[in-house]
Amino acid sequence: MKLIIAYIQPEKLNAVKQALYEKEILKLSITNALGCGQQGGYHESYRGVDVEVNLLKKVRLEIAVNEDYVQPTIDAIVHSARSGKIGDGKIFILALEECIRIRTGEKGKDAIG
Amino acid sequence: MKLIIAYIQPEKLNAVKQALYEKEILKLSITNALGCGQQGGYHESYRGVDVEVNLLKKVRLEIAVNEDYVQPTIDAIVHSARSGKIGDGKIFILALEECIRIRTGEKGKDAIG
Amino acid sequence: MKLIIAYIQPEKLNAVKQALYEKEILKLSITNALGCGQQGGYHESYRGVDVEVNLLKKVRLEIAVNEDYVQPTIDAIVHSARSGKIGDGKIFILALEECIRIRTGEKGKDAIG
Amino acid sequence: MSRYKRMGMLLLILPLIGLAPMAFGQEAAADAPSVADTAMFTVNNTWMLVATFLVFIMHLGFASLESGLTRAKNTVNILFKNTSIIAIGLLTYWLCGFNLMYPGFEEGSKGIFGFAGFLLNPGADYNPMTYADGAYTYWTDFLFQAMFAATAATIVSGAVAERVKLSSFLLFSIIYVGVVYPIVGSWKWGGGWLDQLGFYDFAGSTLVHSVGGWAALVGVLMLGPRKGKYVNGISKPIMGHSLPLAAIGVFLLWLGWFGFNGGSVLSADAEAVSFVFVTTSMAAAAGVAGAITISWIVQKKPDLSMALNGCLAGLVGITAGADVVSVNESILIGLIAGVIVVAAVILIDKARIDDPVGAISVHLVCGIWGTLAAGIFGEGKSVMTQVIGIAAYGITCVIAAAVIFGIIKAVMGLRVSEDEEMRGLDIGEHGMEAYSGFQIFSSM
Amino acid sequence: MSRYKRMGMLLLILPLIGLAPMAFGQEAAADAPSVADTAMFTVNNTWMLVATFLVFIMHLGFASLESGLTRAKNTVNILFKNTSIIAIGLLTYWLCGFNLMYPGFEEGSKGIFGFAGFLLNPGADYNPMTYADGAYTYWTDFLFQAMFAATAATIVSGAVAERVKLSSFLLFSIIYVGVVYPIVGSWKWGGGWLDQLGFYDFAGSTLVHSVGGWAALVGVLMLGPRKGKYVNGISKPIMGHSLPLAAIGVFLLWLGWFGFNGGSVLSADAEAVSFVFVTTSMAAAAGVAGAITISWIVQKKPDLSMALNGCLAGLVGITAGADVVSVNESILIGLIAGVIVVAAVILIDKARIDDPVGAISVHLVCGIWGTLAAGIFGEGKSVMTQVIGIAAYGITCVIAAAVIFGIIKAVMGLRVSEDEEMRGLDIGEHGMEAYSGFQIFSSM
Amino acid sequence: MSRYKRMGMLLLILPLIGLAPMAFGQEAAADAPSVADTAMFTVNNTWMLVATFLVFIMHLGFASLESGLTRAKNTVNILFKNTSIIAIGLLTYWLCGFNLMYPGFEEGSKGIFGFAGFLLNPGADYNPMTYADGAYTYWTDFLFQAMFAATAATIVSGAVAERVKLSSFLLFSIIYVGVVYPIVGSWKWGGGWLDQLGFYDFAGSTLVHSVGGWAALVGVLMLGPRKGKYVNGISKPIMGHSLPLAAIGVFLLWLGWFGFNGGSVLSADAEAVSFVFVTTSMAAAAGVAGAITISWIVQKKPDLSMALNGCLAGLVGITAGADVVSVNESILIGLIAGVIVVAAVILIDKARIDDPVGAISVHLVCGIWGTLAAGIFGEGKSVMTQVIGIAAYGITCVIAAAVIFGIIKAVMGLRVSEDEEMRGLDIGEHGMEAYSGFQIFSSM
Ligand SMILES: Nc1ncnc2c1ncn2[C@@H]1O[C@H](COP(=O)(O)OP(=O)(O)O)[C@@H](O)[C@H]1O
Ligand SMILES: Nc1ncnc2c1ncn2[C@@H]1O[C@H](COP(=O)(O)OP(=O)(O)O)[C@@H](O)[C@H]1O
Ligand SMILES: Nc1ncnc2c1ncn2[C@@H]1O[C@H](COP(=O)(O)OP(=O)(O)O)[C@@H](O)[C@H]1O
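Residue numbers (our numbering), protein chains in the order written: chain H, 1 to 113; chain A, 1001 to 1113; chain U, 2001 to 2113; chain L, 3001 to 3444; chain P, 4001 to 4444; chain V, 5001 to 5444.
Treat the hints with caution; some may be incorrect.
[To be verified] No farther apart than 25 angstroms at their CA atoms in a straight line, the calculated lysine-lysine pairs in the DSS-like style are these:
1) A:LYS1027 x L:LYS3236
2) L:LYS3409 x P:LYS4301
3) U:LYS2107 x H:LYS2
4) P:LYS4300 x P:LYS4229
5) A:LYS1107 x U:LYS2002
6) L:LYS3300 x V:LYS5409
7) L:LYS3409 x L:LYS3227
Please keep in mind that the hints were generated in silico from the structure rather than gathered at the bench.
So that you can see chain H by itself, here it is in the shape it has in the complex (with noise of 0.2 angstroms):
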């Protein structure tokens, strides 16, 4: 079992989640980050003082997901969250040791769909 973890541009979500529900990963937890990376930021201004923003919004997802789901789930996010721009984000891997159901007390692979 994989724990995957994807940075996103927030106005991708929609269609990230579009993607992975194709191919029937159904189950994902979202939320709200800042990024900072390659993408500049840009520039706000206040009240005549100029502010670089670095923080940029990001919307960040995690997915547990069973080994033959790894490779979909990328594919999925790669496709749909990428426009091209510095900014697309990230998605990083982890492996993932158990997974419980709270409701039924499952565990393992039955728990995580």
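Fit chains A, U, L, P and V with the ligands to the given chain H structure using the hints.
Relative to the frame of chain H, chains A, U, L, P and V with the ligands by itself:
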């Protein structure tokens, strides 16, 4: 050392905190999350248009524990967060390689608690 | 590759960003978190009733780095986030199996930076 | 001063303070009103219209205050209730309320119940300039009074917030505002038995605030506390989600009170209205000062929610006697109200009575205090008569509210399901969020 | 009642309801005005000034409503537009608008276009007390009318929100408010051809609300819907980010309407103003009731955004005939407006016309309804003439708006880039966030 | 026009513009006032009461503006200060302020200091209709002036926000509003030496805004900048947390200004009040236009915070001469004020003076500009005398504020601890959050 990630219903947070407290798991971190899972979501309607809300509010817990605390933590969460209804949430367990207490620079097992 | 998770005091964010920047760690992601730890919390009072607030505001950093950047990152964080007072926070290190840059599809070490 | 003024057959009792503003009551009936008479009439009426829109804006004040002091997940529900209440208030007052409250009790009537018929009807011989002795028109009269009516229900709204079922609450409001409020109101302002007894309530410490407050108390008791408010016998504070909204509410309420009290002079009489402006403002300021001082001492920290409640406490406290107490007395009344409200909030919470916005403390407790204060400080007023009035309203309103709430509870239920309460009434009752997109810890 | 009142040569037609308030028009020209005349004049003018500041506060109402019903990422942009619009309205009205709208058409003029010159100029023989037959001064006249002018542009602002380019919108507003609004306004209130025809629009259901609404419709059609609003033929709701802000907006608009309609009496005439207060309020209350009822039935859940729109619908609906319909009729008009607005919001969305705040439904659709209602219920009014007026304004405004928007679109573009729209206009156009520090899901 | 009007012994100088509104000053003393006289008196007084509640609502405007332009973590503190200040203003003005500001300098007095005793006392021979020559009652006089008094302290509040210790600030306010403001105020409005010299300040560009502004400057300098504002010599913007709140604040302030300036006519005189309404509004509109234009050019992006400040700048700028400049001049004054305020905000920040809300730029800099402008454009006014007045107020206020702040700093400290500042004053000073449940990046 393990890193336990749990998604629970927001209204269960106090109960879970209480249950962890009783098992002497006093340290944890919490973030807001939106979850998409088996739970169907619900329908909102706004100015005459129906909205299917399938991103439901969840609370995400992150708890770093030593090996002997893993089971008590899981038990405490499952016990206190379960309502038996879809949407109760998931627990994910990851291997934690290192832990450092910023204040003292302590590392490993000592730094966790 | 490692995934470094750090919880720090919100007011230290700028200092930590600066310290990481000096070590050429330019990419990171940030979320808001509430933390429960050794730090006792404080007392609010609202309309005559005392409130014990033991969920304190923290900032959560997530930084994916290659092996040789692990120690510099830890050092930078510990150095810049430490005030010596309880509540300074923790650093957690996880093994990162894979990293993918959405924009280019690059993988592994090249995708991190 | 009573407010009975309809049917053209009753005399407007002139303000007690200052000089008599107009001596033309006699000539008003003459064929062609003079320019001077018309000017006097027009300025009186204009002031009453200004007072009317000021009282109107109090409804925005209540909406802001109540939503600010409750959780984000119930905000849509509170705003919905407040928007409905002003509509309910106006429509029921048009349907029957006005004619229940000012039935024009006949000479010798017991003054307990009267009804001048459904809908508005100025009457065949209606003459604007004699209608209220040249102080305002029939329409002004109706609307000014109608704006008051809705206030009583709004007070209940805040107290039962975060758990009451919407439809049940709306039904209660319709009956309470449409029937109970005007009938008990007629006892004093309609010229009924309490007015004849000498009971004094200038602008409604009892007739509006306590009448709302008693129903709030009954509602809260029948509903029980919010889930999570009292855990293992310990009171847990449930914080309001937006103190700026609460502060906006209080400032708007103070603004509206210039019309609430200032308009209750029932003419633009310069000396009387300006005097009432001063007593009203000074009591509010003193209420703030009193509440800040006592809460700083007791709670160790200066508590904004208490300062805001102190302001309202001072305003409610001065309402019964704003025209018959001196400026110095108004400050004393406000100061005491500010102290009382802090004590009341703490004690009512200790008694496990869960009133999210402090409506009972502000409107009922300080309403009683204000009515007593008018008896204590007002020249020629009797504390005893005030106590009789307070008791009469208390008993009647408690019974009426208990019966209405009781029947509603039996038939359709009063409270939302536990699940709905946890998730928030906004999603449960309305399927809508107040702050879409904002990340909010709804666990609180 | 038309509003032509300048040049001292036109008579103020006295309010139709109630007694004639002043019989001193003749003496006013006398050398030394009597104290009574001065008093009458002063109270009239004071009321008009109060009405002026009430209409002013509607701009805050619009700003709040529009920002509340749109997303957090476009809030700075909306507030900026609303702050600019009031400035634009006042400055263009001073530059030319006032003299375009009230050119003082000569006897025998066709009454289609006239211009009394740039800037303000009360004239050499200006006498405050004869200027408008003792109802108000030249300055009051200007400012009251100027506050109205800006309203038309504000209506457009809400409809084109979240995608229109700031500079293009500001340019459109300058031209529309500075030239189009006053010229078409002169047809009725300036004493032009529609006035001569007997067209009736008391306070602007057509002259203000529809004039704004038509431009809103054209703007929305030329801009197209917001990205993400219609996906694969399915309408996706884009929720407003702060319903408390929206509710504050609606209550402030209602407050302002006391001046909008009450001030349109153009004097403090007690009977007329108070009557207009009542019809206005009752229509608003009935609009709330109508919208709640119908939306509860259709959508199964009580929808706050519909209740708020219902309130505005009632207000827009009564505006054309507030002084010529009965109280009962005002309730009927409001009730129907409340039902209409719910239907309109749903149908307009079905037609893929993306109006984020419902401006077209509220101001255009209910503006038309209100104008018709004045014809249906108003004594001596003709539905046919009303239809002619509605059509005349519709055709002219659609053409004018299309030409202006068209040229702007061709020359500088109307819409922000897709990227900017996704990220929000606040950052794109202003480089600034409305809620700095708040964590907001900007993906929505 | 000076404002000295108490003791019945001074004549109300009639408005300079338009016709003299009332010629009955002589008869007013007669035994029975005529209906016409009473009507005139009542309308004057009613307008002054309306102006009073308009000035009152400015305090909500300030509270909203200041909290909107600062960070979420200090919001409770700001609201608390603003709620306290209005209470402090009213209570100190009642205790001594009114009688310090209008001591009724005797003939031949130097006009520097006078005191008519503690508490309110209309005097034994008080006659409402002769008190201010038939313009308003003693009570109106007191309350209108009291509402002004609190404004001065509010201005300071915004400038020292986010770091000042609550108790220290409250103590400063009590002394400054209770003693300094009324004493220096007496020099002009109380009929003191500057009035005798011919210094002109219609509604308080100097007497209110600069008096507040000077204290704000001193406070800011003694406190030093907020932590994190200037890092390694670079100015870091600290963004306000809610621009909707800031916009609400500015619109409410503009609304209040109708009373601030319009009420300063000190009667309902139709021509004068309406003229002041026009100049006030046009200056505000021009201020918006000026600030938008200049900030769009300089900063490349249209800056909402500058547009809002431009509006206030125009309003402050016109305040000194609203009744003595022409409409065209008022636009020029506003336009320049809008430009000045943008420059001032940028330069003051460059000078490392940390004023979170721009209070010094708006109230002090534009207050000075407005006072000069009254001298430049006002007929018969002298720029030289205006400069003397500005200097006199500047020197006195700076010294007074420095002494008071200095003693407070020495005795109890002025600034919260660094830790408290980082965490926010809401938790540090009040143990309460403004937006409970909302997730907010408090690192900013
Ligand atoms: N090494 C990293 N550790 C943590 N988060 C990262 C890392 N690299 C990128 N991110 C996240 O991904 C987002 C996009 O990264 P960026 O480098 O701007 O885009 P791209 O990969 O397309 O060049 C960042 O804003 C940040 O949130
Ligand atoms: N595979 C997964 N990856 C990430 N988050 C998940 C996953 N499965 C469940 N979750 C989280 O747990 C929450 C509850 O899951 P759900 O399937 O609705 O409940 P249950 O497990 O009781 O059927 C989801 O809303 C989501 O936040
Ligand atoms: N075992 C843990 N699991 C998850 N989060 C932790 C853990 N220990 C500490 N934290 C996070 O670090 C923050 C600081 O911890 P705390 O114990 O107060 O500080 P210190 O380590 O300086 O004593 C906590 O508020 C919490 O967010």
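*asked:* Of the numbered hints stated earlier in the document, which are not met by this structure?
replied: No numbers; nothing is violated.
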